[in-house]
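So the sequences go chain by chain: A and B.
Numbers 1 to 115, taken from the numbering used here, label the letters of the first sequence in order.
Numbers 1 to 113, taken from the numbering used here, label the letters of the second sequence in order.
To be clear, the hints were calculated from the coordinates, so they are not data collected in a lab.
Since the structure is predicted, the reported quantities are computational estimates derived from the model, not experimental observations.
Misleading hints may appear alongside valid ones.
[To be verified] Now the in silico label distances, taken between C-beta atoms and shown as ranges:
(1) A:Leu-68 with B:Gly-41: 41 to 51 Å
(2) B:Gly-16 with A:Glu-59: 33 to 43 Å
(3) A:Lys-14 with B:Glu-17: 43 to 53 Å
(4) B:Ser-94 with A:Lys-64: 22 to 32 Å
[To be verified] The calculated BS3-like cross-link candidates involving lysine-lysine, where the alpha carbons are at most 30 Å apart (straight line), are:
(5) B:Lys-51 with B:Lys-36
(6) A:Lys-98 with B:Lys-100
(7) B:Lys-57 with A:Lys-20
(8) B:Lys-36 with A:Lys-20
(9) A:Lys-41 with B:Lys-57
(10) A:Lys-64 with B:Lys-51
(11) B:Lys-51 with B:Lys-100
(12) A:Lys-41 with B:Lys-56
(13) A:Lys-64 with B:Lys-100
(14) A:Lys-14 with A:Lys-55
(15) A:Lys-98 with B:Lys-56
(16) A:Lys-55 with B:Lys-51
(17) A:Lys-41 with A:Lys-64
(18) A:Lys-41 with B:Lys-70
(19) B:Lys-100 with A:Lys-55
(20) B:Lys-105 with A:Lys-98
(21) A:Lys-55 with B:Lys-59
(22) B:Lys-100 with B:Lys-57
(23) A:Lys-55 with B:Lys-105
(24) B:Lys-51 with A:Lys-98
[What the hints assert, rightly or not] Cβ-to-Cβ under 8 Å is the rule here; a few derived chain A residues that face chain B:
(25) Glu-22
(26) Ser-89
(27) Ile-93
(28) Pro-108
(29) Leu-115
Think of the CB as a built atom: it goes at the ideal place given N, C-alpha and C, for glycine as much as any other residue.
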Amino acid sequence: GAVVSQHPSWVICKSGTSVKIECRSLDFQATTMFWYRQFPKQSLMLMATSNEGSKATYEQGVEKDKFLINHASLTLSTLTVTSAHPEDSSFYICSARKGAGGEQFFGPGTRLTVL
Amino acid sequence: GQQVMQIPQYQHVQEGEDFTTYCNSSTTLSNIQWYKQRPGGHPVFLIQLVKSGEVKKQKRLTFQFGEAKKNSSLHITATQTTDVGTYFCAGRDSGGSNYKLTFGKGTLLTVNP
Numbered sequence: 001g002a003v004v005s006q007h008p009s010w011v012i013c014k015s016g017t018s019v020k021i022e023c024r025s026l027d028f029q030a031t032t033m034f035w036y037r038q039f040p041k042q043s044l045m046l047m048a049t050s051n052e053g054s055k056a057t058y059e060q061g062v063e064k065d066k067f068l069i070n071h072a073s074l075t076l077s078t079l080t081v082t083s084a085h086p087e088d089s090s091f092y093i094c095s096a097r098k099g100a101g102g103e104q105f106f107g108p109g110t111r112l113t114v115l
Numbered sequence: 001g002q003q004v005m006q007i008p009q010y011q012h013v014q015e016g017e018d019f020t021t022y023c024n025s026s027t028t029l030s031n032i033q034w035y036k037q038r039p040g041g042h043p044v045f046l047i048q049l050v051k052s053g054e055v056k057k058q059k060r061l062t063f064q065f066g067e068a069k070k071n072s073s074l075h076i077t078a079t080q081t082t083d084v085g086t087y088f089c090a091g092r093d094s095g096g097s098n099y100k101l102t103f104g105k106g107t108l109l110t111v112n113p
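Using the sequences and the hints given, assemble the complete structure.
Structure follows, in structure tokens:
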């Protein structure tokens with residue numbers, strides 16, 4: 001199979017703190033990982049694409065200094081929400097792809113609530 | 001940029017009725033994928049269509065890719081309560097990056113038993 005895990009599954013933090021979310025491909029090597037944000041009852045909005053060993057490519061309107069992405073290995077990508085504010089509260093989902101052009105395998109998501 | 005539109009936004013049916021969701025892209029697609037997201041869950045890959053006019057079936061689900069590779073549909077025959085969820089289409093632009101998917105807004109299907 002192709003399993004993607006995310007940690008933590010949910011987090012509540014105070015405004016101004018930073019939160020790190022991990023995305024791991026458990027049984028395959030992911031050349032590319034994607035980070036999405038999903039607000040309630042809305043679609044998935046791509047935030048950034050990360051390739052192992054290189055800088056992430058951010059979508060228009062996504063602040064790279066606020067959403068730090070590190071793709072340190074073929075099985076791990078991290079998203080750090082720096083100085084989180086209530087408007088950053090959302091469902092963050094990562095996905096991983098085995099090769100070029102194929103299906104994406106989604107992690108279970110991380111629900112972030114910023115008080 | 002590429003836009004993927006999906007209709008309807010919501011669909012409520014009686015169990016046993018059929019259901020269809022439609023997806024239209026502003027640009028020609030190299031392929032289109034369909035995902036299902038159960039309430040509180042994460043998207044799960046259903047299928048990928050690549051060829052113009054392609055039709056694929058998975059039990060009660062029928063997926064079609066338009067001749068112009070700009071539209072697609074998902075049809076469920078005789079819905080069951082287990083079909084409840086949001087169905088997303090996601091297209092890959094033929095002229096753009098070979099990795100980026102653009103998701104439609106999804107169709108939320110609810111089934112009355």
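* Distance restraint between Lys-55 of chain A and Lys-59 of chain B, which requires alpha-carbon spacing of 30 Å or less -> Judged against 30 Å, a Cα distance of about 42 Å means the pair is violated.
* Ile-93 of chain A as an interface hint toward chain B, with CB separation required under 8 Å -> holds, 6 Å
* Per the CB criterion, is Pro-108 of chain A less than 8 Å away from chain B? -> Interface hint status for Pro-108 of chain A: holds (5 Å vs cutoff 8 Å).
* Between Ser-94 of chain B and Lys-64 of chain A, does the beta-carbon spacing fit 22 to 32 Å? -> Holds: the Cβ-Cβ distance is about 28 Å, inside 22 to 32 Å.
* For the pair we were handed, Lys-51 of chain B and Lys-98 of chain A, check the Cα-Cα distance against 30 Å. => holds, 21 Å
* Asked: Holds or violated: are the alpha carbons of Lys-41 of chain A and Lys-64 of chain A at most 30 Å from each other?
  -> holds, 25 Å
* **Pair hint outcome, Lys-36 of chain B versus Lys-20 of chain A [Cα-Cα no greater than 30 Å]** => holds, 27 Å
* Asked: If you take the shortest Cβ to Cβ gap from Leu-115 of chain A to chain B, is it below 8 Å?
  -> It is violated, given that the least Cβ distance between Leu-115 of chain A and chain B is near 21 Å, above 8 Å.
* Cβ distance range 41 to 51 Å for Leu-68 of chain A and Gly-41 of chain B, holds or violated -> The hinted range 41 to 51 Å is violated for Leu-68 of chain A and Gly-41 of chain B, with Cβ atoms some 27 Å apart.
* Asked: Lys-100 of chain B and Lys-55 of chain A: Cα distance at most 30 Å?
  -> holds, 16 Å
* CA of Lys-55 of chain A to CA of Lys-51 of chain B, is that 30 Å or under? -> violated, 33 Å
* Does the structure keep Lys-98 of chain A and Lys-56 of chain B at a Cα separation of 30 Å or less? -> holds, 23 Å
In the structure shown, a violation is registered for the earlier hints numbered 1, 7, 10, 16, 21, 25, 26, 29, in ascending order.
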